Amino acid sequence: MIEFNPGLIMVLGGFLVPLVSGQARRALLLVLPIVGLAYTIMLDPGAAAATAFFGYSLEHLRVDKLSLVWGYIFHIAAFLVVLYAIHEDDPLQASMAQVYMGSAVAAVFAGDLITLFVFWEVTAISSVFLIWATGTERSFRTGMRYLIIQVGSGVLLLAGALLILADTGSIAFDHIGIESLGGKLIFISFGIKCAFPLLHNWLQDSYPEATVTGTVILSAFTTKLAVYALARGYAGTEILIYIGATMTAFPVFFAVIENNLRRVLAYSLNNQLGFMVVGIGIGSEMALNGTASHAFAHILYKALLFMSMGAVLFRAGTVNASELGGLYKSMPWTAGFCIIGAMSISAFPLFSGFVTKSMILTAAAEEHRWIIWGVLLMASAGVMEHSGIKIPYFAFFAHDSGRRVKEAPTNMLWAMGITATMCIGIGVYPEPLYAILPYPVDYQAYTMGHVITSLQLLVFAALAFVWLTTSGRYPAETPSINLDTDYFYRRLLPCLIRWLRGGWDEIDRQGRQFLLDIVVAVMHWTQKYHGIDGMMSRNHPAGTMVFWTLAMFLGFLLIYLGS
Amino acid sequence: MSGHMNAEHSDRPHWLDKPRNVKMLLRLLIGFGALLFIADAFYHKHAHFPVEEFFGFYAIFGFVAFVVIVLVGKKLRKILMRPEDYYYNGFTDD
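These protein sequence lines are chains G and X, in that order. Numbering-wise (the working numbering), the first sequence opens with residue 1 and increments by one. Numbering-wise (the working numbering), the second sequence opens with residue 1 and increments by one.
These are calculated hints, taken from the structure and not from any lab test. Since this is a predicted model, take the numbers as computed values, not measurements. C-beta: ideal position from N, C-alpha, C; glycine also. A portion of the hints provided could be inaccurate.
[As the list claims (entries may be wrong)] Once the Cα atoms are required to be at most 25 angstroms apart in a straight line, the calculated SDA-like pairs of lysine to any residue come out as:
#	chain 1	residue 1	chain 2	residue 2
1	X	Lys18	G	Gly402
2	X	Lys45	G	Glu367
3	G	Lys406	X	His14
4	X	Lys78	G	Ala335
5	X	Lys75	G	Gly425
6	X	Lys74	G	Glu323
7	G	Lys65	G	Ala49
8	X	Lys78	X	Tyr88
9	X	Lys23	X	Arg12
10	X	Lys18	G	Ala335
11	X	Lys23	G	Asp400
12	G	Lys65	G	Gly425
13	X	Lys23	G	Thr470
14	X	Lys75	G	Thr246
[Unchecked claim] Computed spacing ranges between beta-carbons, pair by pair:
#	chain 1	residue 1	chain 2	residue 2	range
15	X	Phe42	G	Glu323	43 to 51 angstroms
16	X	Val68	G	Pro18	45 to 53 angstroms
17	X	Asp17	G	Phe15	49 to 57 angstroms
In isolation and in its complexed conformation, chain G is listed as follows (with noise of 0.2 angstroms):
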């Protein structure tokens, strides 16, 4: 059997969507996972394919029970929002979708950094097409943010990839670490597409504003290769603890104070990811099963929320928490495949996160790393709050807003009952999934004492919600929005460049007149002197070309400088 890289099937059969139309796009659009999903439960660990380029020898394909994980969940969730979204009719959204979707699998195949990054940029170039899709000028600002911080990542993994091949002659895809140069230019790519703090906001940025499908495609891969990736190339760097506690933590507090559901579901993604970052800085073989494991449970609850979510927008047209309420009446099969997103995400007993979540606090706990295991579960106190109960809450429950509207179309329910289904599925009989981890499972999810201890924290903070709300302490939901890092590109950036700016026309004004005055005296002494009408020169506002031409000097001589 000749061997390829799997993520190829909807990569190059997503360029052939919108050559069809009607029923046999949408039966195109479903197979092309199933197919896929196929074909890599097909192969076999230790499989490889490579290719001479230049000298060096790109490996397309390396599959060992690493990338077979992220390979099976990718296809599932792939056929899954695929379902979701079948009942549009927008040729370029779909096939964009099956390239990202695609490329994402291909990237998670990729045996060299080289095949890493192309497919690594192939992802964030189709996939802003999920955000430019809702066709506002807003959406098209955000997609150039996303782009340029995406194309960015991909920039500094193709940098960081030069310099490991100029130290050590090879472009394998192997453990990096941080010690050279190059490693730490990866990490940081790495990092910026896992929403590492302080780099996470592109994220909150752009999820929230793609398209209703869209947002639930985008939420499945992106963030989800970039842990593969650190996996690969990280485990074990004692930073990432840090990092992902962080990371943990701080989306908890303004997912509390967000309006927009959507984007409190992507808060709450950054928050999921830092668990998963923890496991890989332990990088203990429990720890990696419990990233492998949480980011195939995640993959699916986190769908399933941004799905319900997605419905909606599309009945409602809002996801705004203060314009949503009681909806449970009108959509009451969302409502339910809602709260089983919530429970799942927030990992009660029987429901996914359960059996995947507690791997990387016992790993945590198994360290005597008692800091970290404590932000893990306050953390764990905050998923409750922000997507145990605050999504479901709002949205279907709290104050009736008064909306009457349909139920979401048939096949979003089904997308939404299957992946619910799946999602229990796990947390009831979760060997199947620990079978295919990369490392054998040695742990028991259900003992009467982690049944019972995750129920007393789950449901005192239930109890802790019941008490803020009737006594009035629970923050009101507000139209709002709240500053966060973006606030110093979206913001304060341009502010500083419209300054420097100003500042620059200044002075540049202020030596044109000094000229235009020397000018103008000579033409007076000439006219003076012959009696001719002479040209006044016009003042040419100077300041665009001036600054852009200025900048890219600036950016050459850094290039120039850096290389």
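Dock chain X against the given chain G, drawing on the hints supplied.
Only chain X this time, still in chain G's reference frame:
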């Protein structure tokens, strides 16, 4: 899974519309919490840290952490909250 639910159907008074039922749900939740709290007396915890052995540790931790998170978030609003059109005053398209 029917995708068609008409407005009249969804406007019937629902079970949750009655305050009595909501109150009963809350009582059940409190009762369940009390049972869970007491349950700590009846099994052996495999504790990694001494603090876990404290009676009802997870229950107390869950309650306190939740309250702290919400109240800190509330304070954060004073610094971070801006009007919805903060980044977009000047154009509207949605």
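Tested hints:
1. X:Lys18 x G:Gly402: holds (16 angstroms)
2. X:Lys45 x G:Glu367: holds (18 angstroms)
3. G:Lys406 x X:His14: holds (17 angstroms)
4. X:Lys78 x G:Ala335: violated (32 angstroms)
5. X:Lys75 x G:Gly425: With a Cα-Cα distance of about 40 angstroms, the restraint between Lys75 of chain X and Gly425 of chain G is violated, given a limit of 25 angstroms.
6. X:Lys74 x G:Glu323: Distance of about 20 angstroms is within 25 angstroms: holds.
7. G:Lys65 x G:Ala49: Measuring from Cα to Cα gives roughly 16 angstroms; hence the hint holds.
8. X:Lys78 x X:Tyr88: Status holds; Cα separation ~21 angstroms.
9. X:Lys23 x X:Arg12: Measuring from Cα to Cα gives roughly 20 angstroms; hence the hint holds.
10. X:Lys18 x G:Ala335: holds (19 angstroms)
11. X:Lys23 x G:Asp400: Between Lys23 of chain X and Asp400 of chain G the Cα gap is close to 17 angstroms, so the pair holds against 25 angstroms.
12. G:Lys65 x G:Gly425: Holds, because 22 angstroms separates the two Cα atoms, which is no more than 25 angstroms.
13. X:Lys23 x G:Thr470: Answer holds: Lys23 of chain X to Thr470 of chain G is near 12 angstroms, not above 25 angstroms.
14. X:Lys75 x G:Thr246: Satisfied, since the Cα-Cα distance of roughly 19 angstroms is no more than 25 angstroms.
15. X:Phe42 x G:Glu323: 43 to 51 angstroms: holds (47 angstroms)
16. X:Val68 x G:Pro18: 45 to 53 angstroms: holds (52 angstroms)
17. X:Asp17 x G:Phe15: 49 to 57 angstroms: holds (52 angstroms)
Of the numbered hints listed earlier, those contradicted by the structure are 4, 5.
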